[in-house]
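Just need the whole structure built from these sequences, with the hints factored in.
Those protein sequence lines, which keep their order, are chains A and B. The numbering of the first sequence is this note's numbering, which starts it at 1 and goes up by one. The numbering of the second sequence is this note's numbering, which starts it at 1001 and goes up by one.
You can take every hint at face value.
Residues from chain A that face chain B, not an exhaustive set, calculated with beta carbons under 8 Å:
id, residue
1, Pro50
2, Ala54
3, Ile58
4, Ser63
5, Gly97
6, Lys98
If you are wondering where the hints come from, they were derived from the structure by calculation, not from laboratory data. Backbone N, C-alpha and C fix where the C-beta goes; we use that ideal spot for every residue, glycine too.
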Amino acid sequence: MTQLLAPLDHAHDHAHSEAREVLGFVIEGSAYGVDIPTIAEILRLLEVTPVPRAPSFILGVLSVRGRLVTIVSTRELLRIPPAASLTRQRVLLINVGKETLGFVVDEVLQVFRVLREEVEPPEVLTDDPAPHALGIARTGSETLILLDLARLLDDRW
Amino acid sequence: MFRLVHTLKGLSGLFGAAQIAGLSHELENVLDDLRLGRIDLTPLVLDCLFQALDLYSKILKAERDNTTAGQTEIEGTLLSLARISQQNAAAGTTLVAPYEIEPGLLGVLSEYEEHRLRANIQEGQRLYRIFVKFTLTSFETSLDEFRELAKQAGEIISYLPTGADTDPNTIELQILFGSPHAIESLGPLFPTARVEEVKRRKTSPSRPAGSLAPRRDTPAGMAAVRGPIMTMPPPSELAPHDTTRAILQDPTVRSVSQTVRVDIRKLDHLMMLVGELAIVKTAMSRLAERMRAQSELRRPTGELLRLHKSFERHLLLLQDAILEVRMVPLGQVFDKLARVVRQFSRELSKDVNLVITGAETEIDKLIVEELSDPLMHMIRNALDHGIEAKEERVRVGKPVVGTIALNAFQKGNHVVIEVEDDGQGIDADALMASALRLGLVNADEVRSMTRREVLGLIFQPGFTTKRAATDLSGRGVGLDVVKNNIARLGGVVDVTSETGTGTKLTITLPITLAIINVLLVEVGGQLFGLPLANVDEVLGFVDGALRIVDGAETISLRGASLRVCRMHQLLEIHPAETLRSSLVVITVGQRRVGFVVERMLGQESVVIKSLGESLRRVRGIAGAAELGDQRVVLILDATGLVEEVFATEKETIRLRARSLPT
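Here's what the structure looks like:
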């Protein structure tokens, strides 16, 4: 069920100690990144059991090897309208507070090694960035918006 | 059960049903041995009993079909049953054999005496022969006195006249006596008697040669009889007598090794594994169903189904066994409460007696832990608000010392705990006035409220009647917390009260949390489970039967009105097309609701798991469980849903607001 992470981008290996590993993913055509150490597991999106009366960003529950995981829509949390017929969706399992949540994304790209100097603070885009925006990473050909997925839920409870 | 089998044997003999009579005879022997404690209920014996049970129906079927099919199996089971009783006979001798007891004496012991003898040996007691003379004229009273005396030191296993006495005015008895005490201390206790210890034979005849052979081949023979379906029991069960010997040799080791402390998480893990097995089981039966459709697979399918059945039965036993391990007596938490009562009664300078009954009632360990706080709160409440001050009690003519009763008892699959005080009771008018003042209800609502509903106000968040909150209770944290805590365990709290005479809070809880039987239903095309413990009955449902009574949809069921609620509306999901919907009747406490669902899909045992923190606040859902095909099904909180249906409009809105804070 677990999809193996794509091989590391070795271009900058050993050159700088202050590199971070970031998983790139896509939502509505835009590329985002989350720090690898925050990710517990990556799953294919299987059939989720919807939970009536739950907040709309909660898609439902899924059993991961006997453990129940609440699945949330990253789209909705980013206030992007739902899309039809996505076939490459993945679930990123991330520990948020006391529980593990599954964040659904449109597509997973690969793991990027991002150097410190390649990251710009979120203030370059907006005066008042949201707490979940960590910055913008320009690495090779890709520009990633770095997110703290756990904080996406901050104002949702 | 023994009697029933006995009757069956008699009847079948009467009608010439030789096979049934034969089976009953052997079964009766085994049951008799069990009844008298001559053999233990080992898994081996249990298997045999079940087999015998199955055999009854097989014999009947064979008779009906007029075939002799299964004849070998019948004989096989008869043989195993017979062997169990024989094995027991051998075991009995083995146990007693090392002692120097005259065979003549053993021969005249009654079955019960023989059993007590063995029990004493097993408990590691020393055996004594006591010779005592009684004068015939005062025989009855002296014997009674002697018995009383003896009871303090041990147990009289049997007494027999020795006949060796030549004096016609006296009678000498030989008493077989089991006692933990050494002979030196028994001598002075019975000054009129002669005490001898029954020695063990020195040449440690651990096993009479004769009994060795049959014992060794018995279990093996039995395993063969049970056929390939069963697995061999572990070696420890195969040689029970070896253990017995070990016990005999060192009684102290036994008492140490009888209990183990186990981390509850290990039990949870076991439970989860059993849950996984249950999933495998369901998948297995599904496979069998699919195979059944193909004619060339009919034979293996039949075998698979039999296997499945046996697997299912053992799994059920395993579940029960694990559940039982999780059970602890409520006394654990009650003891803590007793200390609390002493402390608080001192602080409040109220004299209170705590009367506890049913402390031995058992409930799941997890529930016991969660019960401590709510019960503590309820007791504080009774002490603080219920029991009056000493002067007041004297004034109204009550005993100065108040009473708080803590009663626990089992009621079906539930455990009921009552906290009852003999205090001033709840003043419904004052309660209503406070609720009005606090804005929990409005004047219109008050007029239409029943006494039950009014009393229920004490469970409202933020409710208090006392103007000055004490340190003990009534400071923010109220009975609403108690109610929520209990609800989280799947329980309900009810209150009854008589003004002036006292208040009773009743908690009703399920015995265990982990495995529950659910009724699978479809609502909005989605599968849900309803705890079967809450389901009274299921009926077909047609819209035409509905009647509107006081703004609520009801039907008339056996002359009584039943409140009806459409599940999809309550759960806020779109209904699916259905030809014939069902009505699931659920009772919680004294409230009954019929829930309309689209389809009924049968029942299933599931391991219920709680939803994550993020879904905790969603009301009406108790948890989720995995079905055989890896689907996750939500388990509805029947208790909560019934309460919601009965909640007033205003409450519903408030509850919604709380559950969806976006």
